[in-house]
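Asker: Residue-level listing of the chains:
2 protein chains.
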Amino acid sequence: MALIVQKFGGTSVGTVEKIKNVASRVTATKQAGNDVVVVLSAMSGETNRLVGLAKEAGASSGREYDVVLSTGEQVSIGLLSIILQGMGHEALSMLGSRVPIRTNAHFSAAKIENIGKENILNACKDGKIVVVPGFQGVDAQGNTTTLGRGGSDTTAVALAAALEADLCEIYTDVEGVFTTDPSICSDARKMEKISYDEMLEMASLGAKVLQTRSVQFARRFNVPLMVRSSFTETIGTLVCKEDEDMERAAVSGVTYNKKEAKISVVRVPDRPGVAVKLFKPLSEAGINVDMIVQNISHEGHTDMTFTVTDDDYEEAFALVKETADALEAHDVIADQEIAKLSIVGAGMKTHAGVATKMFETLSEEGINVQMISTSEIKVSVVIDEKYTELAVRVLHDAFGLADSDVKEEEY
Amino acid sequence: MALIVQKFGGTSVGTVEKIKNVASRVTATKQAGNDVVVVLSAMSGETNRLVGLAKEAGASSGREYDVVLSTGEQVSIGLLSIILQGMGHEALSMLGSRVPIRTNAHFSAAKIENIGKENILNACKDGKIVVVPGFQGVDAQGNTTTLGRGGSDTTAVALAAALEADLCEIYTDVEGVFTTDPSICSDARKMEKISYDEMLEMASLGAKVLQTRSVQFARRFNVPLMVRSSFTETIGTLVCKEDEDMERAAVSGVTYNKKEAKISVVRVPDRPGVAVKLFKPLSEAGINVDMIVQNISHEGHTDMTFTVTDDDYEEAFALVKETADALEAHDVIADQEIAKLSIVGAGMKTHAGVATKMFETLSEEGINVQMISTSEIKVSVVIDEKYTELAVRVLHDAFGLADSDVKEEEY
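These protein sequence lines map, in sequence, to chains A and B.
In terms of the working numbering, the first sequence has 344 at position 335, counting the first letter as 1, and numbering is strictly consecutive.
In terms of the working numbering, the second sequence has 244 at position 235, counting the first letter as 1, and numbering is strictly consecutive.
Because the hints were derived from the structure by calculation, they are not lab data.
Misleading hints may appear alongside valid ones.
Since the list can't tell identical chains apart, any single copy or any two copies may satisfy a pair.
Below are the BS3-like pairs computed for lysine-lysine, each with C-alpha atoms no more than 25 Å apart in a straight line [claimed, not checked]:
#  : residue 1 : residue 2
1  : Lys268    : Lys330
2  : Lys250    : Lys27
3  : Lys286    : Lys134
4  : Lys395    : Lys268
5  : Lys29     : Lys64
6  : Lys366    : Lys202
7  : Lys267    : Lys120
8  : Lys267    : Lys366
9  : Lys126    : Lys289
10 : Lys289    : Lys268
11 : Lys202    : Lys250
12 : Lys27     : Lys64
13 : Lys366    : Lys395
14 : Lys366    : Lys286
15 : Lys330    : Lys286
16 : Lys330    : Lys29
One chain only, chain A, in its complex shape:
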């Protein structure tokens, strides 16, 4: 008998009818002899509605904001428990404060500090299916807190870690993690397995299947994660510790992000502290800078280029322009028509030439590489946005991602 944590996202609990599907899946797992702990998001649209109300009232964070926001998941867990009971199962909803899921007191962006496992394990021992709201916790003073958006995945993983669960299943609206975007590349293949590190790079690069934070948590506590669809029976992708099997392929996937813009500060005097002066106003404004490239200096001047999200672009440009003028840079130029393209793979650590092959492949198609940035298991480039789909397809093909000795039929 295993203990399985199953997490269902907003679209999986979007209507009472859909929650009934969730109930069927949960009871099937239970009837197979497992203990089941379920973590739910708010019904899709509900969090946005609550955020809208809070915003209209004047808050986008804080203690009272969390009081409002945390109701979304509470409704979901009550409804699923009602349905499970109607099917003849013993089900018990348990609020974050009752588990308890203890967090720090950073309202609206709380971090989980500690999870009590007694209450849940006792309920499981009594044969109950325990239903827990994602996204919420309680601080040391007993105040309701929320973990920030996407916190439900984190709740599930943290619970799985605390309960020493055998598996944490994340049910979502895709069938798993693919080698690239199937809507661009018909050869895209669902991966059987992916390492935490690869998943982190995929997630932060816009694969959007799992919240980065939950993957970090899973890696830290070595929680096996299964990402799968709530709408089909297909087995999904297992996110787990790197194993020998994974080393085989140098590259696991190709991801892209069109929602970035590039800003270059041209011929800025190359003095110590220039980078700080340029980026401090951005970080103070809460603007996240992604790739940063600075090349060697010429005649005491250098060029500094970085990317930000499209949403932050205008504010970032204005801030940087101001600093650049003060620093007596020659110019600030920008381009919104760019895309970031990345290849991710744990095997990259031990395989040479991956980057070269990437540049070659792009060059053969006449696609110019504007910026390059690398990490241990990732190579990212910035290209003209209009070549995105073409680039994804040729790279997916060049790295042989469509081929796999693991056949779908074996699942």
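Fit chain B to the given chain A structure using the hints.
Answerer: The following block gives chain B in isolation, referenced to the frame of chain A:
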């Protein structure tokens, strides 16, 4: 400095804009030097939405139903707290479980057993406006409970009692308690004061301004209640202990209820236990029987007449018909086209002739009285529904309810 509990109903918090009005009212009271504890209902429509979801899931009561339903008020208190903070006030929402408002474990119809006053009083001492959700509490095991519909008034009164508040203000969408329905009788006058007993009779007779349960609570703990409008500045009606002043008028108000039906069991053998046999099936079916009239027996037979709400009419008729046949009653006849008309007044206890005057007045208009039932401070009659408005007007006039030596200007 006084401690005032202010309760706002669903229509008063129906939109964020309306909650801002509530905030203005609360802060005015606070700035006048009072401690303020606010009790809120769910935004209008929200409870119905949640009930609908729970019903679709398969529950109309129970632990999990309460988990779902209690979110409505939680949203309201978070929003008001956000707005108060935005206005520069220290505000703190406090869930039923944090106050705590301890109830028994009768989910969806829980009764308040005990309220802890320390947390609220400490927050007040710190200058905070405390905002509490109506309708919800927590049982001894820490489970969320709800008090049943209309429970928010009860929460407010119970809190006022526990905190020994100087006043409990119930803000609603009417300006107070009127001598009769102003939409029928243009002479209807808002009462300055009314006793708990009178208010109970008015409420149970369909005046619908205050929940009966909250008035009973207020009477038991002698909590002065002020019923007033959240949309005007007009002073409302004070519901309090009977005082000498009230004795002046024999009759305080005229109320009516058109939503009742009359069922008569004709010539039923008059044996001990007949009433039990007739009414037990009704109470078992959860049908509330209102007026019951049985007159003296003739030749070993009697007639038994009672009223039920229109909603329960069909089921009640079927149940009674079955019993009546078994008891060999001659017939069961029914009439849905009736109205119940009542005059209420604490002064009735010491004034003779009120009932007579009522019958006389109706008779002069050719209105036949079909049933009569009296209590210490009330006389109710059943009449043909079509005469309702006429009857209300002539009675209101006959008892001089439009006249008052307390002028509106004095408020």
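Asker: From the Cα coordinates, with 25 Å as the cut-off, is the pair Lys250 and Lys27 best called within, between, both, or neither?
Answerer: neither (32 Å within a copy, 53 Å between copies)
Asker: For Lys126 and Lys289, with the copy left unspecified, which applies at a CA distance of at most 25 Å: within, between, both, or neither?
Answerer: neither (42 Å within a copy, 48 Å between copies)
Asker: Taking 25 Å as the upper bound on the Cα-Cα distance, should Lys286 and Lys134 be classified as within, between, both, or neither?
Answerer: So Lys286 and Lys134 fail the 25 Å test inside a copy (58 Å) and across (47 Å) alike.
Asker: At 25 Å max between alpha carbons, let me know whether Lys366 reaches Lys202 within a copy, between copies, both or neither.
Answerer: Within one copy only: 24 Å inside, 89 Å across.
Asker: At most 25 Å between alpha carbons: which applies to Lys268 and Lys330, within, between, both or neither?
Answerer: within (21 Å within a copy, 73 Å between copies)
Asker: Could you place Lys366 and Lys286 in one of the four classes (within, between, both, neither) given a Cα distance threshold of 25 Å?
Answerer: Cα proximity of Lys366 and Lys286: none, with 36 Å in one copy and 91 Å across.
Asker: Within, between, both or neither: how does the pair Lys29, Lys64 come out at a Cα-Cα threshold of 25 Å?
Answerer: between (32 Å within a copy, 13 Å between copies)
Asker: Check Lys289 against Lys268 for me: Cα-Cα at most 25 Å, and say if that holds within a copy, between copies, both or neither.
Answerer: Cα proximity of Lys289 and Lys268: one copy only (22 Å, versus 70 Å across).
Asker: 25 Å Cα cut-off: does Lys27 pair with Lys64 within a copy, between copies, both or neither?
Answerer: between (29 Å within a copy, 15 Å between copies)
Asker: 25 Å Cα cut-off: does Lys330 pair with Lys286 within a copy, between copies, both or neither?
Answerer: within (12 Å within a copy, 89 Å between copies)
Asker: Can you tell me if Lys395 and Lys268 fall within 25 Å by alpha carbon in one copy, between copies, both or neither?
Answerer: within (13 Å within a copy, 70 Å between copies)
Asker: How would you classify Lys267 and Lys120 at a CA-CA limit of 25 Å: within, between, both, or neither?
Answerer: neither (30 Å within a copy, 57 Å between copies)
When the structure is compared with the earlier hints, violations turn up for hints 2, 3, 7, 9, 14 and 16 and for no others.
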